[in-house]
Amino acid sequence: MCGIAGIVDFTGRQVERSRVKAMCEALVHRGPDDEGIYESKASEGPRPNTSVIFGHRRLSIIDLETGHQPIFNEDGTVSVVHNGEIYNFKELRRDLEGRGHRFSTKSDTEVIVHLYEEKGEELVRDLRGMFSFALWDSKRERLILAKDFLGKKPLFYSHLGDRIIFASELSALLKEGTIPKDIDISSIDSYLRYLCIPAPDTIYRHVKKVRPAHMLIFEKGKRRETCHWQIDFRKKIDIGEEEATSRLMDILKDSVRTRLVSDVPLGVMLSGGVDSSSVLGLMGQVTREKIKTFSIGFKESDYNELPYARIAAKRFDTDHHEFIVEPRIQELLPKLVRHFGEPYADSSAIPTYYLAQMTSQYVKVALNGDGGDEVFIGYKHHLANLLAEKIGGLPRPLRSRGLFKMVEMVTKNASYNSRAGHLRRFAEAASLPRGERYKRWVCYYSDEMRNNLYTESFKNDLKSVIVDDLIVDIFKENADLNVLEASLLTDISVNLPSDLIPKMDIACMANSMEARSPFLDKRVMEFVASLPVEIKMRNFKLKYLLKTTMDGIVPDENLYRTKRGFAAPIRHWLRRDLKSYLGEVLLTGEPQIGRIFDMDYVEKIVKQ
165 MCGIAGIVDF TGRQVERSRV KAMCEALVHR GPDDEGIYES KASEGPRPNT
215 SVIFGHRRLS IIDLETGHQP IFNEDGTVSV VHNGEIYNFK ELRRDLEGRG
265 HRFSTKSDTE VIVHLYEEKG EELVRDLRGM FSFALWDSKR ERLILAKDFL
315 GKKPLFYSHL GDRIIFASEL SALLKEGTIP KDIDISSIDS YLRYLCIPAP
365 DTIYRHVKKV RPAHMLIFEK GKRRETCHWQ IDFRKKIDIG EEEATSRLMD
415 ILKDSVRTRL VSDVPLGVML SGGVDSSSVL GLMGQVTREK IKTFSIGFKE
465 SDYNELPYAR IAAKRFDTDH HEFIVEPRIQ ELLPKLVRHF GEPYADSSAI
515 PTYYLAQMTS QYVKVALNGD GGDEVFIGYK HHLANLLAEK IGGLPRPLRS
565 RGLFKMVEMV TKNASYNSRA GHLRRFAEAA SLPRGERYKR WVCYYSDEMR
615 NNLYTESFKN DLKSVIVDDL IVDIFKENAD LNVLEASLLT DISVNLPSDL
665 IPKMDIACMA NSMEARSPFL DKRVMEFVAS LPVEIKMRNF KLKYLLKTTM
715 DGIVPDENLY RTKRGFAAPI RHWLRRDLKS YLGEVLLTGE PQIGRIFDMD
765 YVEKIVKQ
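Be aware that the sequence shown starts at 165, since it is given in this note's numbering, and climbs by one per residue.
In case anyone wonders, no lab produced these hints; they're calculated from the structure.
Mixed in with the good hints, there may be bad ones.
[Stated by the list, open to error] As a list, the in silico BS3-like pairs of lysine-lysine whose alpha-carbon atoms are at most 30 angstroms apart:
id, residue 1, residue 2
1, K640, K705
2, K544, K686
3, K686, K727
4, K270, K400
5, K499, K478
6, K270, K454
7, K254, K456
8, K372, K623
9, K768, K743
10, K554, K372
11, K640, K400
12, K623, K417
13, K554, K771
14, K711, K686
15, K185, K345
16, K686, K372
17, K456, K270
18, K185, K454
19, K727, K711
20, K386, K456
21, K623, K478
22, K456, K478
23, K417, K499
24, K686, K270
25, K399, K640
26, K417, K727
27, K627, K768
28, K705, K399
29, K372, K384
30, K544, K705
31, K372, K345
32, K283, K456
33, K254, K454
34, K345, K499
35, K303, K386
36, K743, K771
37, K463, K478
From a predicted model like this one, the values you see are computed outputs, not experimental measurements.
Start from the sequences, fold in the hints, and give me the full structure.
Dropping the structure here:
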């Protein structure tokens, strides 16, 4: 794992090394072990060449001795800076050596430059892993910025005329010093919908994210974008449940085995839930080494899952470490703001950060259970969308709006997260079209709430921009899909790459530790997507396929427990520890807040 940064100026204007150095210094936490700077100065004359400076900060995981970056091909005409891990690099290397390529390191990164020589822009289709990279081809004067199929490794860029600036983190990118910080007002609206800002947008108008599974090519004054992967739920295989679980077990074992390759100590982040316990169980199937496990709990009993983690740790006889967190939230929040670099509001970032901080004291690589819900149908809103679809197929008298109206009346005063509150939100949206109802269930601030929150002047400003309705659009474009798979496609396209993946990456890399997610393996995801829906869910049971596959390996207490999620006692903190801090930040803070939000309405929310 690493941090990368760089500047490419196609006019030949001199790029200041100090600007790239400043960006790299802001990425030290991502790469505390080593730094590398590559500089290709423009030649003098009537037609100067492009000026290029690449910077790299390294967290040493594989090839500790010779994995210094940037890395070059044999004649130095192709260079790359890379963040991530290429899991199949040994197989790729053997093939490339057989074709006559000479390697100077044992690093996984070096396969990128040689594979590019063989396949050009198609190289990413052969890479199995998590990565973002910048590649410079000096012969063609071509810059490539690329991300893996899910966008597990971040990459931000700014395209200002003939100059491209890129970095692994938004805050590092801004250290370059010339990028305008104009706010993208449509991103504010997106943030309040999703609690994050989906790619390619950022909070700044002149900064973008490279999208998952995409490659940007800058060449001869032009910019092109290509997509190298899209999950396919339409191509099904004819298979029974027994064979499906057997094949899935083999694929999962291979995914875990692949992620155990490391030249440094590794472990697993264990919550005691279905997903992380399954990853631990799979590790127990493929390695004889003592496994290190790490879990945290809070003082508040409702948010303490340590007893479940202990059950799993005991079953697999792990070297288990527990931490009871007494958060210093007012100290942590500014750190998280700096690392995310833009608005982000998934409160599980807090326990994830603390777990990563404590785990990093023992290991430099940690496996986790991320992706279990998105791959194996694990969310309640998946079930809700299916139920609403079933109700929609009933005779008209039985699916009358009167039934939903009655539920709404009975649950009128229910609190947001109570069972009655969930039932109310289900009833309010159940009769809407697929995409509209799913949006109501997964988005945080509804259209009505955002309308109340904004000032009149900001509402007028929003009328002049286009705010994409991502969820509704995905459902419309995939109307032929089963409602469950359309829901999964939406999660994989929006929630996973914009919320969950950045959360884990930032929490771990802020603490100089690499995260690996076996469920988010391309082979795993493609195989599960190819299965008939009835194998993935039966009798309205969430994660039916995963639980069936792991039955007898993972303890029943972990496998069949009620889903909790990796939550923090945020409501408790907001009502006590953070109450005055919340008012200070929102009500007496930045003047720009008052130009966007109706402060009377904000004050009402704070008091609640």
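Exercise. Is it true that the CA of K185 sits at most 30 angstroms from the CA of K454?
Worked result: Violated: K185 and K454 sit about 41 angstroms apart, past 30 angstroms.
Exercise. Holds or violated: K386 with K456, Cα cutoff 30 angstroms?
Worked result: Violated - the C-alpha atoms of K456 and K386 are around 49 angstroms apart, more than 30 angstroms.
Exercise. Between K711 and K686, does the CA-CA distance stay at or below 30 angstroms?
Worked result: 20 angstroms, holds
Exercise. Does the alpha-carbon distance linking K627 and K768 stay inside the 30 angstroms limit?
Worked result: Since the Cα atoms of K627 and K768 sit roughly 26 angstroms apart, the hinted pair holds (cutoff 30 angstroms).
Exercise. Quick one, are K417 and K499 close enough, alpha carbons at most 30 angstroms?
Worked result: Judged against 30 angstroms, a Cα distance of about 36 angstroms means the pair is violated.
For this session: Would you check the hint for K640 and K400, treating anything up to 30 angstroms between C-alpha atoms as holding?
Result: Within the cut-off at roughly 21 angstroms; holds.
Exercise. Between K372 and K623, is the straight-line Cα distance small enough, at 30 angstroms or below?
Worked result: Cα-Cα ~24 angstroms, so holds.
Exercise. Keeping to a limit of 30 angstroms between CA atoms, is the pair of K399 and K640 held or broken?
Worked result: With Cα atoms ~19 angstroms apart, K399 and K640 stay inside 30 angstroms; holds.
For this session: Decide if the proposed pair is consistent with the structure: K554 and K372, CA atoms, cutoff 30 angstroms inclusive.
Result: The hint is violated at about 40 angstroms.
Exercise. CA of K743 to CA of K771, is that 30 angstroms or under?
Worked result: 9 angstroms, holds
Problem set entry | Holds or violated: K727 to K711, with C-alpha atoms at most 30 angstroms apart | Roughly 13 angstroms between the alpha carbons, so the hint for K727 and K711 holds.
Exercise. Hey, K554 versus K771, does the alpha-carbon distance stay inside 30 angstroms?
Worked result: 40 angstroms, violated
Of the numbered hints stated above, those contradicted by the structure are hints 4, 5, 10, 12, 13, 18, 20, 21, 23, 32, listed in ascending order.
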